[in-house]
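Chains A and B, in that order, give the protein sequences. Just so it is clear: in the first sequence, position 525 is 525 by the numbering used here, and no numbers are missing. Just so it is clear: in the second sequence, position 54 is 54 by the numbering used here, and no numbers are missing.
Some hints here could point you the wrong way.
Same chains, same label: a pair holds when it works inside one copy or across any pair of copies.
Here are the computed lysine-lysine pairs in the DSSO-like style, where the Cα-Cα straight-line distance is at most 27 Å [stated by the list, open to error]:
id, residue 1, residue 2
1, Lys466, Lys341
2, Lys323, Lys570
3, Lys323, Lys305
4, Lys323, Lys381
5, Lys165, Lys351
Worth flagging that the hints you see were computed from the coordinates, not collected in a lab.
Number of protein chains: 2
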Amino acid sequence: MKNSRISVSLTRLFFGLSLLIGAFSAIRADADEGMWLFNDLPIKHLQEKHGFTPTPEWSDHVMKSCVRFNVGGSASFISSNGLVLTNHHVGSDTLFKLSNENNDYYNDGFLARSLDQELKAPDLELNQLINIKDVTAEVNASVDEGLSAADAAKARRAAIANIEKKASDESGLRSNVVTLYGGGRYHLYQYKKYTDVRLVWSPEANAAFFGGDADNFEYPRYCLDACIFRVYENDKPAKIEHFLKWSENGPAENELVFVAGNPGATSRIFTVDALKFQRDVRLPYILDFIRRREILLQQFALQGKEAARRAHDGLFGFQNARKARVGMLQGLQDPAVMAAKEQAEADLLSKIKADPNLRKYAGAWQKIADVQKRRAEQQGKGVNLNEELFNIAQQLVQMAEEDKKPSAERLPAYQDANRASLEQQLFSTAPIYKDLEQAILADVIARMVEQRGGDDDLCKQILAGKNPVDRAEELISGTRLEDPEFRKSLAGGGLTAVDESDDPMIQLARLVDSEVRAELLVTDELAEIERQAYAQIAEAKFATEGTSTYPDATFSLRLAFGPVVGYTEKGKQIPAMTDIEGAFKHEQAHEGQEYFELPASWHKAREEQKINPKTPFDFVCTADIIGGNSGSPVLNKNMELVGLIFDGNIQSLTADYLYSDRQARSVSVHSNAIRDAIRYIYDAEALADQLGQ
Amino acid sequence: MKNSRISVSLTRLFFGLSLLIGAFSAIRADADEGMWLFNDLPIKHLQEKHGFTPTPEWSDHVMKSCVRFNVGGSASFISSNGLVLTNHHVGSDTLFKLSNENNDYYNDGFLARSLDQELKAPDLELNQLINIKDVTAEVNASVDEGLSAADAAKARRAAIANIEKKASDESGLRSNVVTLYGGGRYHLYQYKKYTDVRLVWSPEANAAFFGGDADNFEYPRYCLDACIFRVYENDKPAKIEHFLKWSENGPAENELVFVAGNPGATSRIFTVDALKFQRDVRLPYILDFIRRREILLQQFALQGKEAARRAHDGLFGFQNARKARVGMLQGLQDPAVMAAKEQAEADLLSKIKADPNLRKYAGAWQKIADVQKRRAEQQGKGVNLNEELFNIAQQLVQMAEEDKKPSAERLPAYQDANRASLEQQLFSTAPIYKDLEQAILADVIARMVEQRGGDDDLCKQILAGKNPVDRAEELISGTRLEDPEFRKSLAGGGLTAVDESDDPMIQLARLVDSEVRAELLVTDELAEIERQAYAQIAEAKFATEGTSTYPDATFSLRLAFGPVVGYTEKGKQIPAMTDIEGAFKHEQAHEGQEYFELPASWHKAREEQKINPKTPFDFVCTADIIGGNSGSPVLNKNMELVGLIFDGNIQSLTADYLYSDRQARSVSVHSNAIRDAIRYIYDAEALADQLGQ
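Work the whole structure out from these sequences, hints included.
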């Protein structure tokens with residue numbers, strides 16, 4: 001199932017569209033590697049290497065101070081009255097949705113000087129993690145050994161749905177079972193949901209995204225990639241018990257800092273065959289798609305200023321996704337990297353084969369290899385019409401069908417426990433620009449015809465005798481799905497309303513539905529085979545390497561850590577921190593280049609000497625992060641906010657499948673820069689006074 | 001064999017990288033369709049529809065007034081003292097090669113106020129067609145019926161080489177056999193060559209390419225896409241007998257005009273299977289590559305002003321190529337278009353099968369279908385390292401090997417008759433920017449590894465243990481091939497020099513050479529099967545539809561024609577002509593957008609009222625053109641220059657496989673605009689006085 005709003009938004013994070021298998025990896029004892037579970041922190045390592053022991057109170061407070069943005073980012077509570085700090089590029093989805101032809105909050109920034117000026121986001125859902133529980137035994141008990149992969153997938157899905165529903169009903173919390181170690185463990189995560197989220201402050205795009213695509217993934221950097229929301233309950237600012245205090249001075253060089261956030265996905269447990277599938281099949285395919293969409297959005301933007309505004313949200317996300325994946329692929333194409341992975345795998349396999357208790361796991365690798373072959377054959381052969389209005393149509397069509405079944409048997413998105421979140425998205429009042437959607441739909445139809453060939457029966461039916469451009473025009477101009485009320489009426493009317501609808505997009509979604517469902521069955525089956533195989537590999541690794549490991553990222557809360565240190569690049573020492581003065585120098589060095597002009601507010605503050613040029617701006621540390629961590633708070637041992645993660649450097653782009661602290665660094669905005677910019681550049685004294693209070 | 005300088009340059013033309021099979025098509029009696037051979041003009045049609053009879057003197061004068069730019073464009077002589085008029089975007093290859101960090105003639109324009117200021121192009125070759133002769137019988141006589149396709153290809157190549165060599169030796173002219181009607185006819189084309197070509201005048205890029213990629217293929221347009229060279233002989237301006245007079249007023253609306261130029265390639269004879277191969281396999285593949293290169297060049301340009309200058313020549317070409325192919329693919333994906341092609345093919349086949357004399361041709365279609373299957377299997381599996389310095393290395397390696405053979409047995413590029421042209425390119429002093437080449441090489445290596453997989457043996461050898469980026473750095477920093485003197489010394493040293501060279505790029509070219517040659521054999525074989533099959537189809541069409549047809553474009557001189565008329569689009573009448581005033585209005589409508597700012601020289605001329613705002617600027621006519629026609633003169637019945645082809649509108653992008661005069665139009669600069677801009681905007685009185693004189 002695709003949820004366009006989520007999947008598109010994910011491209012905005014710096015490893016967005018990423019791989020979907022959770023897994024794990026062994027670490028060097030001395031390195032600060034790892035995205036650790038809050039219920040299994042590496043306490044021994046922290047004690048031995050850093051002389052720090054996180055107490056249960058420490059981890060509980062940090063965990064509850066964190067917030068997940070369901071559009072695909074991280075954030076934290078930074079005040080008792082509901083302020084939430086995240087990146088401008090995480091908030092940008094909402095900034096765009098709140099903007100229009102006349103008010104461009106994304107580019108021009110925003111400041112609410114009083115509560116009544118705060119702008120309600122049309123469809124944001126924030127999650128605060130409250131509780132984690134291991135439910136592995138319960139999940140696995142439902143999957144009998146003799147089941148086929150397809151039946152096992154079904155049984156597992158039903159078991160998970162039941163656990164989630166029971167937990168949700170009992171607690172009122174959003175309850176999701178997370179698959180860890182690729183299938184080795186299942187944990188129940190329970191969240192408090194906030195769905196009334198309002199925009200408080202955002203800087204101009206030229207401050208937040210200074211240097212644009214050129215500087216993205218580069219360091220040194222000079223970005224104020226921050227914005228602030230506030231959560232409300234009962235139409236009043238929520239009272240927040242767990243929030244981060246604001247550090248007075250931020251981090252010192254070499255100081256150990258912590259990153260608490262929701263890394264999206266890594267693939268460190270991947271077998272060599274799975275990595276080669278990514279290298280030779282999946283990443284090249286995704287990159288072709290990303291470049292295609294980049295060009296399409298660029299072309300759309302050429303039509304004028306308003307067109308550019310509409311296209312840019314997507315464009316920046318795709319640029320970012322492309323740059324990340326080019327770096328990932330470069331690493332996978334490095335013969336030395338793959339040779340190291342091959343060696344590690346051979347070593348593990350020989351240990352397993354030598355041990356009579358582990359020998360039973362040796363077949364897992366071949367099962368995963370077989371799955372990759374089937375995925376390669378399937379690639380580009382499916383129904384691939386990912387466009388906003390089509391996705392809405394598809395959700396309505398599927399929801400009508402699924403609602404006839406008991407909740408546990410439905411596709412996960414349509415189960416009762418997920419219904420409120422689904423409706424938050426599906427009935428969103430965020431604007432949908434039909435001109436842009438038409439360009440995208442024409443292209444996804446054209447692409448599907450390219451992939452399956454113009455003689456393909458389903459393609460012919462989709463085209464209905466027209467070329468992709470004319471057909472998209474017909475569909476987009478004919479549909480009424482841009483109207484949330486129309487969507488509600490269709491949803492309310494159930495299967496009858498959908499079946500009888502003359503909306504051409506609904507009809508298109510109905511046309512392809514049986515094939516989409518057939519595809520989903522295969523996807524589920526392959527995922528189940530992998531889950532079972534990776535569960536075996538995980539057990540084998542636990543047995544041979546000990547259990548002190550972390551699972552691959554799963555867009556759930558993790559703790560990473562490492563010191564604030566620079567690095568050496570081409571013989572040159574790159575300092576850990578930049579300052580405000582450096583931003584103005586950087587602007588001068590790139591004079592006349594797009595995205596290298598600091599906003600007028602900054603120039604004014606400098607001229608009036610309101611901002612200290614020596615204020616630290618961005619900094620790097622060795623914490624192990626990946627896309628999804630955008631917006632994560634960086635904190636010190638005292639649980640004070642010292643920074644805000646917004647990027648990784650170019651050397652960190654292999655983090656998907658390996659960690660290194662040689663040159664790879666995560667990049668943060670310094671807490672002083674955020675505080676002082678709000679106070680002195682944006683003249684928002686009242687807001688500045690609330691930070692950390 | 002790839003010649004990078006030619007193939008890269010071809011992307012600059014608006015249908016550049018196009019399909020390589022020549023063929024033909026039947027026409028409606030009343031339409032002005034066709035790219036006609038100068039030795040077989042449609043005299044009857046011109047007489048009957050337009051009351052005009054081109055005399056032998058008329059066609060001889062027009063033919064000899066035309067000039068082919070071997071980088072891939074068309075042009076004409078416009079004065080007795082060697083002035084040559086073409087497009088800015090055809091001359092841009094040379095403008096870039098003459099420019100450097102300090103003198104940017106591409107962007108800033110150029111004017112030589114005296115002969116000694118004219119700038120010699122480093123590697124331009126211009127060809128003036130002198131003579132055409134049918135050599136079909138001679139070519140076919142050399143190909144015995146019993147030969148395998150591979151042997152037939154070899155025999156045909158040798159026969160053509162011998163014809164060319166004999167003709168070249170006897171006349172001193174460049175002599176090339178052109179394959180027409182996909183293999184139905186072979187004509188010998190003989191050219192006078194000009195290799196001392198100097199830049200005289202060029203406007204600023206903002207005047208020539210006003211509206212940039214956004215306006216490309218659009219109409220109405222406002223582009224002064226023109227520049228002027230001069231050919232020299234013995235270091236003096238060449239004396240030119242056949243040149244075009246300059247029309248006093250240019251064309252009137254509805255006036256019949258002629259376009260004489262070198263359309264690159266069309267595929268109107270293509271069978272349905274061949275078109276489907278283009279639709280489902282070839283065009284999607286090429287488009288992925290083009291978008292990839294666009295993004296790469298954009299990224300390179302982000303590094304700064306000089307990087308942008310270096311990247312832009314290629315970038316504009318790829319943007320152009322992409323836009324053209326998106327339009328072509330859209331047409332091929334139109335079920336109605338393909339259904340019409342299928343119907344026409346079925347009709348022809350049923351006529352053939354009903355006629356005992358033609359029945360023998362019926363198998364031709366299946367042969368072509370089989371070739372497409374083999375091409376689809378081969379696609380992306382070859383050696384694909386198309387980068388300037390690698391291409392030079394490959395030419396040196398192959399030349400050394402080929403020179404051991406008699407001329408007729410060599411690969412065509414290395415035969416004696418082509419040697420001078422080859423060396424003109426190979427020893428060019430045009431600058432090669434190693435930073436840009438490194439980015440390109442890293443990407444083509446990465447792409448080849450993607451296509452063949454990282455476990456491919458040849459890929460492993462190419463990578464030599466490094467990732468593509470590091471390997472490209474090693475190759476580019478290690479090679480000395482950017483130095484023309486080094487190239488000459490290697491070429492002079494023959495096989496020994498090449499075999500013993502420690503230049504890493506030469507070694508890379510040697511590494512892949514045997515596979516490249518094996519690929520060439522297959523390519524030749526498939527092309528020969530197609531030639532034989534299309535020759536049969538051509539005979540069948542001659543027999544059923546008469547011989548009054550034109551062959552598909554082959555980058556050789558053709559005559560097209562049609563009236564100057566506007567068209568209707570979305571219910572709106574698009575006028576045939578624009579004027580200078582419209583350019584300023586267009587600028588205003590797109591205020592602040594890149595590429596929509598007219599140069600200072602234009603604003604000055606307007607403020608000083610030196611240029612009449614009512615001067616006609618660009619115009620459209622229905623003449624049948626395609627990429628390669630860029631720079632073609634547009635002339636009236638009196639052989640006077642009235643315009644300069646520079647584009648086709650978006651509706652003409654299906655011209656590759658079908659002609660239409662409903663909305664499809666070719667787009668020209670009006671002769672008045674060129675003349676008056678030179679005189680009044682660029683203050684080049686002396687040059688203006690020479691036009692047409």
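**Message:** When Cα atoms must be at most 27 Å apart, do lysine 323 and lysine 305 count as within-copy, between-copy, both, or neither?
**Reply:** both (25 Å within a copy, 21 Å between copies)
**Message:** Treating 27 Å as the Cα threshold, decide for lysine 323 and lysine 570: within, between, both or neither.
**Reply:** Within one copy only: 21 Å inside, 40 Å across.
**Prompt:** 27 Å Cα cut-off: does lysine 466 pair with lysine 341 within a copy, between copies, both or neither?
**Reply:** between (49 Å within a copy, 15 Å between copies)
**Request:** Up to 27 Å between alpha-carbons, please classify lysine 323 paired with lysine 381: within, between, both or neither.
**Result:** both (26 Å within a copy, 26 Å between copies)
**Request:** Check lysine 165 against lysine 351 for me: Cα-Cα at most 27 Å, and say if that holds within a copy, between copies, both or neither.
**Result:** Classified as neither: same-chain Cα gap 41 Å, cross-chain 70 Å, threshold 27 Å.
Violated hint: 5 only; the structure is consistent with all others.
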